[in-house]
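Peer 1: The primary structure of each chain is shown beneath.
Number of protein chains: 2
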Amino acid sequence: MTAPTGRRRPAYDAASLLTVAVAEFNTRGYDATSMEDLSRAAGITKSSFYHHVSGKEELLKAALTRALDGLFGILSEPESLSGPALDRLRHIIYRQVEVLQSELPYVTLLLRVRGNTETERWALARRRAFDASIASLVAEAVADGEVRAGVEPSLAARLLSGTVNSISEWYRPGRPGSDALPGEVVRIVGEGIIPPA
Amino acid sequence: MTAPTGRRRPAYDAASLLTVAVAEFNTRGYDATSMEDLSRAAGITKSSFYHHVSGKEELLKAALTRALDGLFGILSEPESLSGPALDRLRHIIYRQVEVLQSELPYVTLLLRVRGNTETERWALARRRAFDASIASLVAEAVADGEVRAGVEPSLAARLLSGTVNSISEWYRPGRPGSDALPGEVVRIVGEGIIPPA
Chain G
1 MTAPTGRRRP AYDAASLLTV AVAEFNTRGY DATSMEDLSR AAGITKSSFY
51 HHVSGKEELL KAALTRALDG LFGILSEPES LSGPALDRLR HIIYRQVEVL
101 QSELPYVTLL LRVRGNTETE RWALARRRAF DASIASLVAE AVADGEVRAG
151 VEPSLAARLL SGTVNSISEW YRPGRPGSDA LPGEVVRIVG EGIIPPA
Chain S
1 MTAPTGRRRP AYDAASLLTV AVAEFNTRGY DATSMEDLSR AAGITKSSFY
51 HHVSGKEELL KAALTRALDG LFGILSEPES LSGPALDRLR HIIYRQVEVL
101 QSELPYVTLL LRVRGNTETE RWALARRRAF DASIASLVAE AVADGEVRAG
151 VEPSLAARLL SGTVNSISEW YRPGRPGSDA LPGEVVRIVG EGIIPPA
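Protein chains in written order, with UniProt numbering: chain G, 1 to 197; chain S, 1 to 197.
The shape of chain G in the complex, shown without the other chains (with noise of 0.2 angstroms):
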C-alpha cells in the first residue's frame, strides 16, 4: 500500500491512515486488529492516531461506505436505468468489476465483513440490499424472454455476485488482461466459463 517507509515520521491525514488501516484489516482480519497494529503500521503514536480518528470503528465505516458508495453509484448510472432489462444487468456487472478493481482494499474489506459489529451488520445489510437490485433485474429480465427461462432468480443473483467478488482474492492492479477483465466477465456470465465448443 502506500505506507511511507525512512525515518522522517511523515506527515498523516485521515485519508492516509485510512489506507493503510484498510491493508491492516485485509491482512490481519479487523476484529484482530487494534490501534496499536495500526499506529504501528502508520508509525505514529497511539495518541497522534486518536487525533486524527476516534478509533477501529470509524476508519472501518469510512473504508466501507467508500466500498458501498462505489457500487450503489452504478445503479444510478443511465444505462442502469433504462433499456432492457439484460443490458443494464450486463453494464451494472461490467461496472461491478471495474469498482472492484478500482477500489481493491475498500471492496475486498467489504466482501470480508461478519456481522460482529454494529457497522458491520450496517454493510451487510447495504450489500443484501445491493444484491437484491440485481435479484429484482433478473427476474425482469427472465419475465421480458431476454434470459431464457428456468433461471432462478435468486440463485443467479447470488452467483453473479459470487462471481465478480471471487476476483478479489486473486486480482492485482497492472496484471496482464486487467483491461480486458470487465468485458470477459459479462461475457462469461452470458455464455459460461467453459462453454462448449
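Distance condition first, Cα-Cα at most 20 angstroms in a straight line; then the derived SDA-like pairs of lysine to any residue:
(1) S:Lys61 to G:Arg28
(2) S:Lys61 to S:Glu103
(3) G:Lys61 to G:Trp122
(4) G:Lys61 to S:Arg28
(5) S:Lys61 to S:Arg128
Hint data in this document are derived by calculation from the structure and do not stem from the laboratory.
Use these hints to put chain S onto chain G, whose structure you have.
Peer 2: Coordinates of chain S only, in the frame set by chain G:
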C-alpha cells in the same frame, strides 16, 4: 453447530472440540479467536481443553485437512481420471459443490485462510495445487476442442473456483433446492448464469 447446551458438563472428545472450534473460527476469524474463546464456547476449562489439543493451530490444521482431503479426494475419483476433459471438469465441479455442502464449516474456514501462520500457508499452497489441476484440465479441454477456443484456462479456473466457493457465503443445509444445486452449478458454468433466451 453441535455444541451441547444445558448445565451438565458434556463429555468432550477431540472431534466435538473440532466442531466447536471451527464454528468459532468462522465467526470471529482465526486470528481473533483465543483459547479462552474456545474453552468458553465448549463450556469446559482452558486446562481441560489443553488436555485434548496442544493449541488452536492444531485444531486449525485438523479442520483444514478435513476440507482439503474432501476436495483432493474428488481428483482421484474414476470420473475425474478418465474420459473427455470437459466431462471430467463437469464431474469435478459437481462434486466440489457436493463437498462444499457436506463439509460446509470446514470448507468455509479453508476459503478464509489468509496465510498468517505456517498452517495457513500450507493450506493456501494446497488450494493453489487444486486450482492448478483445474486449470490444466481446462487447458486440455480447450486444446481438444471441447471448450470454445478463446477461453483462457487460468482465468476460467479462477472464475470456476470463485463461483463454486462463493456458495459457502450463503448456502445453509436444508434450503429448498439444495439437492439440485450441484447440477445447477454445472449447467451455469457451461451455459452462463444469465444465458440470453
